[in-house]
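Enquirer: Given the coordinates of chain A, assemble chain B onto it according to the supplied hints.
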Amino acid sequence: MEFMRKNKKTILAFILPALIIYLLIVIVPILNTIYYSFFRWNILDTTRFNGLRNYINLFTKDAIFIKSMKNTFLMMFWSLVVQTPLAIALAIAISGRIKGKRYFKTVFFLPNILSSVAIGLLWTFVYNPEFGIVNRLLSAIGLGRFTRLWLADEKTVMGSVIAAICWQFVGYHMIIYLAAIENIPSDLKEAALIDGVNQIGMVRYIILPLIKPIIGIDTVLMATGSLRFFDLIYVMTNGGPNHASEVIASYMYYKSFRDYQYGYGSAVSVVLLILCLIVTFILNRMFKSEEIQY
Amino acid sequence: MGKKISIGTVVLYFILTAFSITCLYPLIWLIINSFKTNSELFNNPWGITPNPVFSNYKTAWTAGKIGISFFNSAFVALSSMFITIIIASMAAFAITRLKWKLSNTVLGLFLLGVMIPIHSTLIPLFIMFNKVRLINNHLALILPYVAFALPTSIFILTGFMSTIPHEVEEAFIIDGGNMAGVFWKIVFPLSKSPVATISIYNFVSMWNELMFALIFMSDPNKMTLPVSLTRFKGQYSTNWTVQLAAIVIMIIPSIAAYLFLSDKIIESMTIGAVKG
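Those sequence lines, one after another, are chains A and B. With the first letter of the first sequence counted as 1, position 218 gets the number 1705 in the working numbering; the numbers rise by one all the way through. With the first letter of the second sequence counted as 1, position 49 gets the number 134 in the working numbering; the numbers rise by one all the way through.
Treat the hints as calculated values from the structure; they're not laboratory data. Note that the structure is a prediction, hence the values are computed from the model and not measured. All C-beta atoms, glycine included, are put in the ideal place defined by N, C-alpha and C. Mixed in with the good hints there might be a few duds.
As the list claims (entries may be wrong) - In silico DMTMM-like pairs for lysine to aspartate or glutamate, Cα to Cα no more than 25 Å straight-line:
no., chain 1, residue 1, chain 2, residue 2
1, A, 1586, B, 352
2, A, 1496, B, 352
3, B, 184, A, 1489
4, A, 1493, B, 252
5, A, 1496, B, 252
6, A, 1495, B, 252
7, B, 318, A, 1640
Stated by the list, open to error - Simulated restraints on C-beta separations:
no., chain 1, residue 1, chain 2, residue 2, range
8, B, 324, A, 1634, 19 to 27 Å
9, A, 1628, B, 212, 52 to 60 Å
10, A, 1634, B, 140, 26 to 34 Å
11, B, 344, A, 1680, 31 to 39 Å
12, B, 140, A, 1557, 41 to 49 Å
The following block holds chain B by itself, in its conformation from the complex:
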């Protein structure tokens, strides 16, 4: 007896497939058309071109400074991510594993940050960074990225660290270790999973961040990718396919990482909401 396929199942799959095409099609359209010339895009925006051109990518990468921005973005996002990992883990360690009266107050202060929109800090930070000459310095992005990554990161890390049993570190201390050793040799290595989570979560938002980058970086040689792309729109306003190539360059690393790590990425990016 063959398995019965109900009408309900057919409808369900039809809707799900239609929806997945809606998600994918604009991206496929983007990639296909980034290999065309402008006139080809105009005459035939649907199909695959018989003679693909790669010059769009070359123009975007060098003349459009997308190449420089790519490395700026990588530098800013990676350094912010590493600094966040270290100082957020240290703070979570102090809050969950050390004994002091204000630990809960400090945790509360950090968690308050989840509700604060970055917009409400822009003007004072701009004035402050201007005064200490940090405008057009990558530190002007790294500092805010780290600061605004701390609340969620500390929230996730404290949740994990408070579950580690005390016996392990007691044994370590009896053998003559100190608290720094407890952190670096025991608690931090044990926290691999939440550290991976916050790394992914933070990296994605730091790589994509626009508002700080827009205001604190005006030198084209210092800009990160999102800002470069917005400038691109004006600069190459009629050179459509070069713009398309620039967008592809921006999203390809994200898509590549997603293909390999989709489950972990999905989990990392929604964990704050699910656990909150």
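Chain A with its partners taken away, still in its complex shape:
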């Protein structure tokens, strides 16, 4: 029995298929990207070692990259500020024995199963200047002067995209909080009720403190999700107008596969990778708290 578990051939036969694919497609390319990022490498040009030049240019000379960093963090900030409270509020609202819970849960989560491309296209229709829902609705209620070219205006484009992002993902985060709230033992809630705690007190003293670790996990998810964000931007604005909605991922795509600057594009994606690691690390530290004892 024991010797069968330790048989080298058996172990290799089981682990190697996954390990080889993983190393070849994930780990080796990551190392390659880091290596490429030190080169000046255009498709028409000769490849030349460049040291840290790409990184220095990114942060000192490339206004569009700085813009895309700003936009990415803007998107992250508003996603967190809008979605976290809304998701928690919705989760609290439908937790417990409320009628129609299944309906609300199913409907709120629905946008998450749909392709981001479909959602992006759908929202370009929502924002369509001529027949889109937003402008037609504004005109219908007498606010016609607020109608505009939502996605073609540098001032409104980021806000419009962020609204679509929140629409797509808030239900996902709600489900995470709902699971956390329903994991709180019911005798804890009953004890609080007996002690005369009202609804607001229940949220303030029982629910929020007990779901704090989940808020941490969810914040990490939202933050790294925002850093990687690509699909909706690509479909709705392609980074435009005039790079006004460029984010790190769309800029990386643009530099690598439109300008064919593989070295420079690699540097952008290394920055993205490092940001993902840093954000995960910082947020984990921030929300680190002792294991909850019920």
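Expert: Frame of chain A, contents of chain B only:
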């Protein structure tokens, strides 16, 4: 005595209903308008049309190549999903049920993948696939889809497999079975529930994936649905209602599956976060 309905409850339901309309309305608008002509959409984007046209769907499906892309997507997503199920289960089996020194290191290496953005692998993969002539070959999507599905899948599977008691497989081996038999006849069949979870989770993300597909498939006959749809926007830029029909074709299978399996789908798609 009638049940008292408090103002709080009324407000609560009002807000929840308003929010659920916000979620559903754009989709209803989409479906209603996909049966209109362009001029009808322009003049009346709100109501249901008295004479629905189906030609939008026909144009999208054949001339717009949405039909071909539909089958490409199904092929790529299903094969990636099946390969992931098999090799992730085998790896999880090796990590949890077999004894070797590096098992925890290898598990850690796989779990590291959760933090890696796919963007950081695009350029080297593009160069590599170009060299081995895999561009415009569905393998160029299947391989990355499987590779990036492995971390979460192995995480969920190892969590489950480590809880299976050893007695069952010991009895099997005493009766003359080997480790391959233990995996195929005992552990894998027992893992139905986590396998269902990772199947759903992976299929949804593979069916919807854009970035790899955008870069590795340039032949319209090989494209998957998300890429076809983005091309569509340029191709039929003024033919709005054909675009709407194409979007509907893309989302209908997801919605249909969701209607039947919503609980399992919701659970599968959030389990990584909840358990993490």
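Enquirer: Give me the numbers of the hints this structure contradicts, sorted from smallest to largest.
Expert: As far as the earlier hints go, only 2 is violated by this structure.
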